[in-house]
Amino acid sequence: MWCCRGTRTLVMKISKNEIKREAKKRGLPLFGDFIVLLKNDDVVSGVALDGAPSSTYIWTFVLPMYDDLSFLHMTLGERVSRCSAEVDCLALGLNEYHDKISGIKSAKGIIEYIDKNSLNSEYAKWTRLISAIRESDSENSLLKENNTFQSRAIFEKYSKLLSTYDAGGWAATQGLLDEWSIRTRSLLVDVPYNL
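So that you can map any letter, position 99 of the sequence shown is 99 in my numbering, and since no number is skipped, the others follow by simple counting.
Please keep in mind that the hints were generated in silico from the structure rather than gathered at the bench. Fair warning: there could be bad hints in the mix.
[Unchecked claim] Okay, derived cross-link-like pairs now, SDA-like style, lysine to any residue, Cα gap no bigger than 25 Å in a straight line:
hint, residue 1, residue 2
1, LYS157, SER106
2, LYS125, SER55
3, LYS16, ASP41
4, LYS20, SER55
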């Protein structure tokens with residue numbers, strides 16, 4: 001713990017490593033700066049530690065396992081707390097996770113979360129699209145809608161979905177999401193399944 005001058009008061013900053021030590025004491029599974037509280041076939045979620053230069057923050061996160069993830073991120077989450085000696089920010093993060101994220105266990109749950117919170121980032125739109133494909137039992141017009149993505153990474157994945165659909169139809173498209181899920185699981189191989 002160290003001190004830094006705020007605009008008017010002395011603030012005790014809690015480091016990311018101190019929070020990690022506390023998480024380990026509580027028996028929480030760490031994956032880098034992420035405390036993974038759920039990992040199943042469709043969802044990985046939990047709380048994340050963000051060590052900015054001026055402060056440490058706790059975020060919630062929820063991600064689809066069927067996206068081709070090479071790293072975890074907080075794009076669909078929200079910042080919960082700024083950590084200080086006066087606040088148990090880990091407890092606040094865990095409570096926020098329990099209240100808002102812990103019930104999300106499927107593609108349908110991710111869609112409902114995105115819609116309920118009016119998330120409209122490019123990643124939210126992408127996640128909603130692949131979640132709808134994952135959830136759907138029958139072919140629909142989702143892939144052929146006017147989906148434009150500025151992010152190169154998302155655009156490349158979207159192009160892969162389209163070419164897979166053109167080559168093999170709806171079943172092949174859903175199969176591609178299964179392939180991506182396997183790759184994401186391999187990223188999280190050290191994280192227990194179905195926590």
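- Query: Within a Cα-Cα threshold of 25 Å, do LYS16 and ASP41 meet the stated pairing?
  - Reply: This hinted pair is violated, its Cα atoms lying about 29 Å apart.
- Taken at face value, is the distance from the CA of SER55 to the CA of LYS20 at most 25 Å? holds (15 Å)
- Item | Proposed proximity, SER106 with LYS157 (alpha carbon, max 25 Å) | holds (21 Å)
- Hinted pair LYS125 and SER55, Cα distance within 25 Å: Violated: LYS125 and SER55 sit about 30 Å apart, past 25 Å.
Consistency note: the structure conflicts with the earlier hints numbered 2, 3.
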